[in-house]
Amino acid sequence: MSVADKRPGRLWAWLDERVGLADLEKLARKKQVPVHRHSIWYYLGGMTLFLFMVQVATGILLLLYYRPSAEEAYESVQFLMAEVPFGWLVRSIHAWAANLLVFTLFVHLFSVLLLKAYRPPREVTWFSGVGLLALALGFGFTGYLLPWNELAYFATKVGTEITGAVPGVGSFLGRLLRGGSEVTGATLTRFYGIHVAILPALAGLLVGLHLYLVQKHGMSVPPAVERSGAAPRVMPFVPNFLLRDLVGWLSALAVLAVLAAYLPAELGRKADPFLPAPAGIRPEWYFVFMFQTLKYLPSYVLGIEGEIVGIVGFGLGGLFLLLIPILDRRTARGEPGRLFTWIGVAIIVYMVALTYLGYAASATK
Amino acid sequence: MTEATLEPGPSRRAFINWFLGTSAGAFLLSVLYPISRYLVPPEVGESTAATVTLAIKPEDVKPNTGQIFKFGSRPGILIRTSAGELRAFSAICTHLNCTVQYRPDLSHVWCACHNGHYDLNGKNIAGPPPRPLEAYTVNARGNQIVVSKSASA
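If you read the protein sequences in the order shown, they are chains A and B.
Using our numbering, read the first sequence as starting at 1 and increasing by one per residue.
Using our numbering, read the second sequence as starting at 1 and increasing by one per residue.
Hints were generated in silico from the structure; no laboratory data involved.
Among the clues, some could well be false.
What the hints assert, rightly or not - SDA-like mimics (lysine to any residue), calculated; alpha carbons at most 25 Å apart, straight line: (1) B/70 to A/182; (2) A/31 to A/245; (3) A/270 to B/149; (4) A/295 to B/106.
Every value quoted in this text rests on a predicted model; they were computed, and no experiment measured them.
Using the sequences provided together with the hints, build the complete structure.
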């Protein structure tokens with residue numbers, strides 16, 4: 001408290017009159033974080049936010065060398081990796097932070113799901129979080145194409161074709177995404193615009209809403225902890241929780257540095273529309289559970305094309321995930337209920353099992 | 001109606017609200033319509049050529065091999081069966097649009113993306129593909145291979 005007791009300096013006073021620093025300080029001092037045996041999960045959201053900031057910073061750096069056309073994209077990334085000082089590091093950090101971000105985002109989502117932090121009044125916080133998951137997957141999908149290599153080319157062909165199989169509006173959406181009827185340089189330019197302008201703008205808005213709501217409602221205490229009747233313990237956000245948060249950020253940065261230094265991002269071969277898809281082709285790991293499901297679906301299920309069954313199934317799954325706060329009436333009423341806990345566990349088991357199978361299965365059988 | 005004539009205020013308010021609402025709606029439409037049209041790219045005239053002469057000599061295609069060729073802007077696959085017969089199909093997998101390849105170890109066509117298999121008539125025989133590959137007609141005229149879209153297809 002010694003800092004607060006000091007008489008404010010002249011700069012502080014000048015700024016306070018114009019910006020209202022004292023109000024902000026009061027807000028920061030008032031904020032408290034509950035302490036209980038599940039508090040560790042509170043750090044995942046902050047780590048995801050940190051990785052998002054890393055992505056913005058490294059993404060801006062990559063923009064300085066990247067050229068978004070089918071003729072130049074691959075060569076510009078090659079130049080960045082081989083010639084530009086620390087170009088390999090910036091691109092590797094961008095690629096690895098993307099993967100870590102999706103990972104921490106999933107852990108954050110499932111911890112919120114299992115601890116039932118989505119219950120009233122935090123439904124909109126959950127909706128904005130699921131929206132951010134969709135944006136993160138969109139970032140991953142569009143960013144994957146930008147180096148214009150063989151794997152990215154076919155992953156994009158398949159991914160946009162899947163959009164095209166959506167009943168009704170599919171062919172329109174497919175054309176809209178591809179910027180034509182095929183994956184070409186027009187698709188690359190379009191994905192570039194989506195990746196560096198449209199998605200960042202949307203993500204900025206949603207992150208802002210998400211953080212505002214977290215600030216407004218405070219951290220959710222799990223119902224099991226609430227019901228245990230123990231006297232609630234808290235810690236101040238500034239500085240106690242913030243410093244712990246920083247440890248989380250630094251751990252993420254350390255993991256990132258190790259991965260980027262020892263396993264730098266690869267570039268592969270340049271995309272060629274007149275070569276067959278290479279054996280062992282596979283999307284980014286966070287799409288593998290869906291990819292593997294599509295492989296297992298037969299060509300027809302009850303007279304409907306297997307791919308359409310898969311796509312509609314995953315679409316409905318996403319809608320279900322979004323609507324969980326509305327569907328889980330028991331938790332909303334404050335009653336104990338295991339159903340949505342088991343659904344959450346089932347989703348995790350399904351995703352982990354199918355991802356494992358996707359990596360374990362032989363590429364050529 | 002007598003209520004409305006006695007109190008002209010609310011109906012005038014309702015009219016102004018309706019007027020502002022429709023103006024705002026018309027303004028939004030006039031902005032969103034060009035944007036939505038702008039986002040959908042114009043149709044580019046696609047190559048409608050029904051025949052293509054390949055830059056591959058017949059003797060360069062060994063038995064039990066296949067290779068990709070350009071049919072307009074799309075890939076096709078030319079195969080010489082173990083028996084020595086030349087066949088050609090569209091190389092676009094009917095499942096999700098990947099480019100297929102010939103697997104000499106299986107002696108048939110395979111798609112790496114989702115493990116789809118097609119026999120030497122282009123028929124989908126295993127995995128997720130829902131339809132056969134489009135078959136082309138192959139003519140070896142002397143030193144040239146000419147591939148054309150089948151008249152029956």
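Hints versus structure:
1. Among the hinted pairs, residue 70 of chain B with residue 182 of chain A is consistent with the structure: their alpha-carbon atoms are about 14 Å apart, no more than 25 Å.
2. Proximity of residue 31 of chain A to residue 245 of chain A is assessed by CA-CA distance (about 14 Å); at most 25 Å being required, the pair is judged to hold.
3. A C-alpha spacing of about 30 Å is found between residue 270 of chain A and residue 149 of chain B, which places the hinted pair above 25 Å, so the restraint is violated.
4. With a CA separation close to 19 Å, the supplied pair residue 295 of chain A and residue 106 of chain B stays within the 25 Å bound.
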